[in-house]
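Chemist: Each chain, written out:
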Amino acid sequence: MSGVQLVDVTKFYGTVNVIPPLNLSFDEGEFVVIVGPSGCGKSTTLRMIAGLEPVTSGMIRIAGKDVTWARPKERDIAMVFQSYALYPHMDVAGNMSFALRLAGTSKEEVARRVRAAAEMLELTEYLERKPKDLSGGQRQRVAMGRAIVRDAYCFLFDEPLSNLDAKLRSTMRTELAILHKRLDRTMVYVTHDQIEAMTMADRIVIMEQGHVQQVGTPREVYNNPRNLFVAGFIGSPSMNFLDAELQDDELRVTGQGFDLPLPPRLHEAAQGHGARQVIVGLRPEHFAARHAGGGTEASFLAPVDLDVKVAEYIGSSQFLAADIGGRQVSAAIEVGPDSAPLTSGTYLFDTNRVYLFDKTTGDAIA
Amino acid sequence: MAARQINNPLHVLGHYAALILLALITLAPIWIMVATGFKDDVIVQQKEPIWFFFVPTLDNYEHIMTRGKFDRYLWNSVIVGTVATFLTLFLGGLCAYALARTEFRGRVLVANSTLLVRMVPPAVLAVPAFAMVLNFSLDNDLAVLIFFYTALNLPFAIWLLFGFYKQIPVELEEAAIVDGATPLQVFFRVLLPLMKSGYAVAGIFTFRIAWNEFILALLLTGRTTRTLPVGAAGFITDTGVEWGRIMAMGTLIVIPPLLFTFFAARQIISGMTAGAVKG
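Top line first, the protein sequences correspond to chains B and Z.
Okay, so the first sequence: first residue is 1 according to the working numbering, each after it adds one.
Okay, so the second sequence: first residue is 1 according to the working numbering, each after it adds one.
If you are wondering where the hints come from, they were derived from the structure by calculation, not from laboratory data.
Hints may contain errors.
Stated by the list, open to error - Under the rule of at most 27 angstroms between Cα atoms (straight-line distance), these lysine-lysine pairs were calculated in the DSSO-like manner:
no.	chain 1	residue 1	chain 2	residue 2
1	B	K167	B	K130
2	B	K73	B	K107
3	Z	K166	B	K132
4	B	K107	B	K130
5	B	K181	B	K132
6	B	K107	B	K65
7	B	K132	Z	K196
8	Z	K166	Z	K196
9	Z	K69	B	K130
10	B	K130	Z	K196
11	B	K73	B	K181
12	B	K132	B	K107
13	B	K167	B	K65
14	B	K73	Z	K47
15	B	K167	B	K181
Bear in mind that the values here come from a model prediction, so they are computed numbers and not experimental data.
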């Protein structure tokens, strides 16, 4: 079996268990993003794959080989670090060729590969510069170049974009995605930023306190979050959660200040659910403004009263910080760039997009 | 505010006056040493000291070079200074690296408390050291001095290098490991180039102390193992103090550490221009 597999991997620091038995399998050529809040064990997991952190028990396989106790250089991996970890005393070419030189690759081959990687990353004119003479984005690219020249089986990224400013980050996201297409290598990418996860991943692994909460494509984890944690973590701004009660007919859910019909996909699940008390999840982007002039609305849109505190203008839409029945929620409403600041009143919610969660377990009711 | 003060001519004048005064205080003893080395005995013994205008002579230097055992002392000093410095940097570097990279409770306390040992003046150690050396019949062996100077210098070297090693992010080593470097390659190809300035600073201090130290050297060396400072003291005789020769010898003693410092300082500067380690 090729790709990367973690089988019952655990990690203890002394008596503290940071990774309970963990099972993950990444396909060859797949771009997997491990995402979660800080301290969730995502970096530890990546470092265990890299061989920088020994596992306490379990097995790690890369390209079908058991590498659990292999040294990093025997794992056919390349890694990009959060701090880039460029060697300050070597120029860009020296940094990129270090691994090849250590491996005893011929001079011509080293030069050829460095040139190819530099061209791919638009670093050709900087090859003789030292890292301190480069901008943040260029350093980032050198760090990637250092990984690319290795032509490794698997690339590991440890929050490589977190030191860049927002604009550069989004450019680099695109470049990374293009790079993945070109190299067609297995990539495991760790981040706390769910936008990076959503935009780049073939599959996302969402972790919390060492436990995998959900594994799935960006669409799966966004559309069908398995529990409250995933629902709250994926999506920006994050999902609103409101206490509510299932009505006796089990086709409606009512809370303070709102009453929403359930989408057909939830009917059966809601009926099978024992408890009446639930948590309703409403994504901010599924709110909408009422048409001016009171035209007829589609049947799946239900009215919700929002007591708007602040309306943030961001161009084509506005972010509202509002109250529903005394509970704070956020809403992102597409109204076009010329709209006036939105005020309190009746808005609409797409009832096909209502999520239900068990109040005690936090699991999705679906 | 600061800019205006500097532009004020009075302030500039005061500034330079203070600097010149400080420079004079520092340079005066050196001038006295160098000048006295070129004076003959008659001038040196004058009641009114002659500061600048005298006929210089090379008699003192000639005497030292031809009639003393200068070459022997110089060789001893070079051996003791370089070997002790090398040993101190080697052992201190290993120790500092281990301290910087191993997490344990009280790590910084251990690193800093090595400085306590440094506070003990060599003179305090002189008597027990002398007794030990006699006990082992090592009183005519250069290894003894090398051993004591290494021991005296290690705490400071460890403390200093610990600070330098701590500045180097662990990720650099991890990146090298992932790149396929063995532990020795990590050390020699990644760490050592970044530690150049640290080792240069530690080297300057260590060499200077090993080269200049007098009391232990006086007690622990014999006729053939004397170092230069002890040799210079040989000009204090029962018939009088030969100031001219002592000062000439002092001048010669100063030269090697000066050269060494200039050389090592170049490493410090190149280390600094190599850029912040954090990159």
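Chemist: Are K130/B and K196/Z close enough, with their CA atoms no more than 27 angstroms apart?
Modeler: 17 angstroms, holds
Chemist: Mind checking the alpha carbons of K73/B and K181/B for me, to see if they're no more than 27 angstroms apart?
Modeler: 25 angstroms, holds
Chemist: Would you check the hint for K73/B and K47/Z, treating anything up to 27 angstroms between C-alpha atoms as holding?
Modeler: 77 angstroms, violated
Chemist: Taking 27 angstroms as the top limit, are the C-alpha atoms of K167/B and K130/B close enough?
Modeler: 24 angstroms, holds
Chemist: Please work out if K107/B and K130/B have their alpha carbons no farther apart than 27 angstroms.
Modeler: Roughly 21 angstroms between the alpha carbons, so the hint for K107/B and K130/B holds.
Chemist: Straight-line Cα separation of K69/Z and K130/B no greater than 27 angstroms?
Modeler: Cα-Cα ~51 angstroms, so violated.
Chemist: Would you mind confirming whether the straight-line C-alpha gap from K181/B to K132/B stays at or under 27 angstroms?
Modeler: 30 angstroms, violated
Chemist: Within a Cα-Cα threshold of 27 angstroms, do K166/Z and K196/Z meet the stated pairing?
Modeler: 14 angstroms, holds
Chemist: For K132/B and K107/B, compute the direct alpha-carbon distance and say whether it is at most 27 angstroms.
Modeler: 26 angstroms, holds
Chemist: For the pair supplied as a hint, K73/B and K107/B, is the alpha-carbon distance within the 27 angstroms limit?
Modeler: OK: K73/B and K107/B at ~20 angstroms, within 27 angstroms.
Chemist: For the pair we were handed, K166/Z and K132/B, check the Cα-Cα distance against 27 angstroms.
Modeler: 19 angstroms, holds
Chemist: Next pair to validate is K132/B with K196/Z; report whether the Cα-Cα distance is within 27 angstroms.
Modeler: The hint holds at about 17 angstroms.
Checked against the numbered hints above, the structure violates hints 5, 6, 9, 13, 14; every other hint is satisfied.
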